[in-house]
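Given the coordinates of chain G, work out where chain E should sit on it, guided by the hints.
So the protein lines, in turn, are chains G and E. Residue numbers for the first sequence follow our numbering, beginning at 5 and rising by one. Residue numbers for the second sequence follow our numbering, beginning at 5 and rising by one.
Read the hints as simulated data drawn from the structure, not as lab findings. A portion of the hints provided could be inaccurate.
Where chains are identical, the list cannot tell them apart; a pair therefore holds if satisfied intra-copy or between any two copies.
Computed list of lysine to aspartate or glutamate pairs in EDC-like fashion (alpha-carbon distance at most 16 angstroms, straight line) [unchecked claim]: (1) Lys239 x Asp437; (2) Lys110 x Glu83; (3) Lys330 x Asp395; (4) Lys425 x Glu438.
Quick caveat: nothing in here was measured; it's all calculated off a predicted structure.
Number of protein chains: 2
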Amino acid sequence: MSKVITPQEKDYSKWYNDIVVEADMADHSAVRGCMVIKPHGYAIWEKMQQTLDKMFKDTGHVNAYFPLFIPKSLFEAEEKNAEGFAKECAIVTHYRLKADPQNPGKLIVDPEAKLEEELIVRPTSEAIIWNTYKGWIQSYRDLPLLINQWANVVRWEMRTRLFLRTAEFLWQEGHTAHETKEEAIEESRKMLDVYANFAENWLAMPVIKGYKTPNERFAGADDTYTIEALMQDGKALQAGTSHFLGQNFAKAFDVKFANKEGKLDYVWATSWGVSTRLMGALIMSHSDNNGLVIPPKLAPTQVVIVPIYKSAEGLTLISDYVHTLKEKLQAKNISVKFDNRDSQRPGWKFAEYELKGIPVRVAIGERDLANGTIEIARRDLLTKEVIKMEDAENYISNLLEDIQSNLYKKALARTTANTFKVDSYEEFKKVLDETPGFILAHWDGTPETEEKIKNETKATIRCIPLNNPLENGICIYSGKPSIQRVLFARAY
Amino acid sequence: MSKVITPQEKDYSKWYNDIVVEADMADHSAVRGCMVIKPHGYAIWEKMQQTLDKMFKDTGHVNAYFPLFIPKSLFEAEEKNAEGFAKECAIVTHYRLKADPQNPGKLIVDPEAKLEEELIVRPTSEAIIWNTYKGWIQSYRDLPLLINQWANVVRWEMRTRLFLRTAEFLWQEGHTAHETKEEAIEESRKMLDVYANFAENWLAMPVIKGYKTPNERFAGADDTYTIEALMQDGKALQAGTSHFLGQNFAKAFDVKFANKEGKLDYVWATSWGVSTRLMGALIMSHSDNNGLVIPPKLAPTQVVIVPIYKSAEGLTLISDYVHTLKEKLQAKNISVKFDNRDSQRPGWKFAEYELKGIPVRVAIGERDLANGTIEIARRDLLTKEVIKMEDAENYISNLLEDIQSNLYKKALARTTANTFKVDSYEEFKKVLDETPGFILAHWDGTPETEEKIKNETKATIRCIPLNNPLENGICIYSGKPSIQRVLFARAY
Numbered sequence: 005m006s007k008v009i010t011p012q013e014k015d016y017s018k019w020y021n022d023i024v025v026e027a028d029m030a031d032h033s034a035v036r037g038c039m040v041i042k043p044h045g046y047a048i049w050e051k052m053q054q055t056l057d058k059m060f061k062d063t064g065h066v067n068a069y070f071p072l073f074i075p076k077s078l079f080e081a082e083e084k085n086a087e088g089f090a091k092e093c094a095i096v097t098h099y100r101l102k103a104d105p106q107n108p109g110k111l112i113v114d115p116e117a118k119l120e121e122e123l124i125v126r127p128t129s130e131a132i133i134w135n136t137y138k139g140w141i142q143s144y145r146d147l148p149l150l151i152n153q154w155a156n157v158v159r160w161e162m163r164t165r166l167f168l169r170t171a172e173f174l175w176q177e178g179h180t181a182h183e184t185k186e187e188a189i190e191e192s193r194k195m196l197d198v199y200a201n202f203a204e205n206w207l208a209m210p211v212i213k214g215y216k217t218p219n220e221r222f223a224g225a226d227d228t229y230t231i232e233a234l235m236q237d238g239k240a241l242q243a244g245t246s247h248f249l250g251q252n253f254a255k256a257f258d259v260k261f262a263n264k265e266g267k268l269d270y271v272w273a274t275s276w277g278v279s280t281r282l283m284g285a286l287i288m289s290h291s292d293n294n295g296l297v298i299p300p301k302l303a304p305t306q307v308v309i310v311p312i313y314k315s316a317e318g319l320t321l322i323s324d325y326v327h328t329l330k331e332k333l334q335a336k337n338i339s340v341k342f343d344n345r346d347s348q349r350p351g352w353k354f355a356e357y358e359l360k361g362i363p364v365r366v367a368i369g370e371r372d373l374a375n376g377t378i379e380i381a382r383r384d385l386l387t388k389e390v391i392k393m394e395d396a397e398n399y400i401s402n403l404l405e406d407i408q409s410n411l412y413k414k415a416l417a418r419t420t421a422n423t424f425k426v427d428s429y430e431e432f433k434k435v436l437d438e439t440p441g442f443i444l445a446h447w448d449g450t451p452e453t454e455e456k457i458k459n460e461t462k463a464t465i466r467c468i469p470l471n472n473p474l475e476n477g478i479c480i481y482s483g484k485p486s487i488q489r490v491l492f493a494r495a496y
Numbered sequence: 005m006s007k008v009i010t011p012q013e014k015d016y017s018k019w020y021n022d023i024v025v026e027a028d029m030a031d032h033s034a035v036r037g038c039m040v041i042k043p044h045g046y047a048i049w050e051k052m053q054q055t056l057d058k059m060f061k062d063t064g065h066v067n068a069y070f071p072l073f074i075p076k077s078l079f080e081a082e083e084k085n086a087e088g089f090a091k092e093c094a095i096v097t098h099y100r101l102k103a104d105p106q107n108p109g110k111l112i113v114d115p116e117a118k119l120e121e122e123l124i125v126r127p128t129s130e131a132i133i134w135n136t137y138k139g140w141i142q143s144y145r146d147l148p149l150l151i152n153q154w155a156n157v158v159r160w161e162m163r164t165r166l167f168l169r170t171a172e173f174l175w176q177e178g179h180t181a182h183e184t185k186e187e188a189i190e191e192s193r194k195m196l197d198v199y200a201n202f203a204e205n206w207l208a209m210p211v212i213k214g215y216k217t218p219n220e221r222f223a224g225a226d227d228t229y230t231i232e233a234l235m236q237d238g239k240a241l242q243a244g245t246s247h248f249l250g251q252n253f254a255k256a257f258d259v260k261f262a263n264k265e266g267k268l269d270y271v272w273a274t275s276w277g278v279s280t281r282l283m284g285a286l287i288m289s290h291s292d293n294n295g296l297v298i299p300p301k302l303a304p305t306q307v308v309i310v311p312i313y314k315s316a317e318g319l320t321l322i323s324d325y326v327h328t329l330k331e332k333l334q335a336k337n338i339s340v341k342f343d344n345r346d347s348q349r350p351g352w353k354f355a356e357y358e359l360k361g362i363p364v365r366v367a368i369g370e371r372d373l374a375n376g377t378i379e380i381a382r383r384d385l386l387t388k389e390v391i392k393m394e395d396a397e398n399y400i401s402n403l404l405e406d407i408q409s410n411l412y413k414k415a416l417a418r419t420t421a422n423t424f425k426v427d428s429y430e431e432f433k434k435v436l437d438e439t440p441g442f443i444l445a446h447w448d449g450t451p452e453t454e455e456k457i458k459n460e461t462k463a464t465i466r467c468i469p470l471n472n473p474l475e476n477g478i479c480i481y482s483g484k485p486s487i488q489r490v491l492f493a494r495a496y
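Pulled out of the complex, with its shape left as it was, chain G reads as follows:
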C-alpha cells in the first residue's frame, strides 16, 4: 500500500493534507483553489447536512433557493457588505464563447456577448435575498420569515487549503426577517446554540460561544456571534457564525412592513452559516497518524465487517452469521457494511477502514465461528476485544456511544489543557510560540490594540465569550484598564 500519512509531529499541515487526500475526503482540482469532494468526504458532509437540516426544520425554518448570480448594482447596495467581499469575488462578464478564427477547434470569449451589467458569483446571498424579500414582506403577518438555503458560494481567496479555505465551498445560509430587534437577536442566539449543539453532540468538538469584536464582524452585521474550537495543533477554528444584521439590509433594499398599529418600519434581520469547513474541523479534532477518525454519529458507515476465510465454504458460513448480525444492527439504526470482496486481503481492508476512520471494525474468521466469538476493534483507541457472538449487538451499540462520548471527552481535555490565562505580553508571546492554544487575556477594548497584537503575533481575538465573567485587570499590550479577559489565538 502506497498510502502514507506524514506524522502530525513531523508536519501538521502536511499530515492534514495527507488525511484529506488519502482518506478519500477531497482532492485538488484543475480549477485554482477549487476542490473536488470525493465520495467518502461527501458522504460525511451529507450526514452533517441531514442532521443540521432537521435541526433547522425543528426550529421552524424552511428551505428555498436563490440565484447563484448577483447583479453588480444589487451587490453594491449594502456598502459595508459589498466592501467586505469586493476584493475576492468571481465576476461573470460574458455569456457566449465562439470559435477561435486563429486556432481551429479552440474557443474564445465572444466580445459581442458582453453583459450590460456584470454578475457577481455569490460570496454570500444577503443582497439577492433581501432584494427578493422586498417583494415578500408587506405586513407583520408576513413575519417572521425563517428561510435557509443549501448552496455553493465563491470567494476568491489567495491562499487556499482543502475544506478550510477554498475558492468554492458548500454551505448553508439562513436568512431571517423579524418585526423587532429583540426577536432578531434572539434568533441569531438561538441558531448559535443550534451550531454549538451540533458541534458538541455530533462533531464531538467542544466550542466556545462568544461574539466578535467590531474588527472581526461579518461585513454588514451589527453583531457577529461565533463558535470557536481548538484544533490539535493549538490553532483556533471558527466553526460557525450567526449574525444580527440590524436593519442594515432592510434599509439598503428598502424592506418595510406595516406593524400591528399600521405604521411602517424597517425589518430586522439575521443570517447564519456553516460550511464544508466543518470537514476540516472534524479532521483536526480527532484524527491521528493512522488516518481519519469519524465520530460515530456522523459516520456514513459505522461498522464494517471483514470476513477472514480460507475457502468458499468458510465464507458462506461466515456470511450466514454476518447477515443475521447486520439485520439486528440495522434494526437499531446502525449502518453496517459487509466487505466480502474477494479482490483484497483482510490486512488491506483493515488498513483501509482504519485510514477512512470507520468507528468499529468487526473481524470474523472460521475459528471464531467454531468458538462462537468475534473480534471487535475500535478506531478511536485502536484497541481490540474478542467477545461472544450473543453479546455482539448490544456490545457494538454501546461501543458506538462510548466512542462518541470518548472523542468529545478527549477533545475537551485537550482544549482545557491548552487554554491559558496570561497576564503579560511576554508570556502571551511565549505561550503562542511554545504551547499554542486559547489564551484568555485582558484587552483594553480598542481596535488599535487588537490590530497591533495581530500584526505582531498573528494572534486575533477569536471572541468575547458569552456570559464572560467581569474582572478588573490591565491590558497585556497597552497597560490600560480592562474589565474582562477575551479569547485570543492564532487561527485557521
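Same frame as chain G, but now just chain E:
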C-alpha cells in the same frame, strides 16, 4: 384574496405561470432568466431529491461534488460537447471589484484582476469530471466508477420560463465509467428505467421511453435515451435523459485503464440527469384551474387539518382529537399539518391549501365532534365526504393511495387519447394544430427530412420508442420507404 389563476382554456401559458407564482413554487428574480425557488416549491423538489437519491444509492451509486467552474482549455477538449454548449454559457473573466473612482459607493470590475484563463460556469460537468477521473482510474479494479452529483448548472438560454427553461437550474448528473461498451450501455438503460419508474410511480406521469435521433442527441454522446411525457396542452416534455458517451470523453481527456489482461484501453462512459424541470412536468400533468395538484408521494404535506370553531373551548376540544389523529397518521408515515392559526378564517385556509395542491384536507367542526364525524376533501377530484371518526386513519391512508393511482390513470388516459397514428403530412399538420399530442408517423430516417418537418411545423422527433414495432410504411414527408413509426410532437 387576490390570488387569481387564469383558466387553462383561456391561456395555458399564463395559467402555468400563475400556478408557479401563486402556489408559491417559484418566482422571477432580479437576475435575467434565473428563478427563486420558493419554500413550497423547494419542499417538493426536496421530496424528489430524496426519492431519486435513494434510487441512485440502491443501484450502487455514490455522491460527490465537482467544481462549479471549468477552465476554458478543459471545456473545449471534447469538441462536440464544447460546440453544443459554447453559445449559451456564463463566463467568469475577473476575480475582483474595486471602488469606482468616478462614483463614490459604487464598484467596478478591477481590470488588473483579469484571469489568465477564463472560467466557464458549468452547463454540464463532463469536462471537469473526466479530467478528474483521469487521476482516479488506472486499472479495471477502479471500475465501474458510479458517481452522481447534485448541483446547480447555468445555460444562458434566451427565452426562459420558470422551471422549464431557466438560465440557472438545479439538477443531478450521474457520471459513470466502465470497462466495456456493453456495461456502459446497460448502465445508461438502467438509469433510464430508474427515471421512468420515478416518473410513473412518484410523479404519476406516464412516459414513453426511447432514444433520440442523431440530431437531438446530447452534444458528445453516441446515444441519448430519453423519457418523454405529454403535458395537458398536448406538448411533449423531455423529462430525463441518459447518455451513452462511448469513449468520447475518455479519448478527449486521455482516460485509459489496464484491463485484466494488462492491456491499456479507453474507458467507456455514461451520463444522465434530471432537473428542476420536473417541477414543471408535475404542474402540467395534474394541476387544474383551482391550482396545483401534487401526487401524494411527492407532497411535503399530505394531509392538512383545519379546525372550525367558535370559541377557545371549541378549539381545545377539536385539538385534543386532532393530536390523536395526527399521531396515528404520522405512525403510518403520513405527513400532517394542523393549521390552527387564529389569524386566518377556515374559508381562506381551504382556498390556500387547494391552491397549493395538498392532497387531502380534513375539516372538523364542533358539531362534527358531537356527531363523531369529520369531513374529508380530496384535491384531485375536489369532492368531499363525511366519515366516522373511527374510520379516519384507514380512510385517509387508502385515500392517499387512491389519489396517487387516480392521477396516474387520468394522465395515462389523457396521453393515450392524445396519441395519434398519422399517415400523411396534411393530417400530421392538422393534428398538430387541432388536437395536439403525440404523433406516431413514418419517417425516412434522414436528418434532412427531420429538419424540414421541424422548420415547417415546429414538431420534432421526440424519440424512437424502445422496442418499437417494425412496420413498413412511407415517410409522411418524403414518401420514401420507412421501417417504423417514430414519435413526433411539439415540445417544451
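Hint by hint, here is what the structure shows:
no. : hint            : in the structure
1   : Lys239 x Asp437 : within (11 angstroms within a copy, 71 angstroms between copies)
2   : Lys110 x Glu83  : between (40 angstroms within a copy, 8 angstroms between copies)
3   : Lys330 x Asp395 : within (14 angstroms within a copy, 38 angstroms between copies)
4   : Lys425 x Glu438 : within (15 angstroms within a copy, 84 angstroms between copies)
Comparing the model with each numbered hint stated earlier shows that all of them hold.
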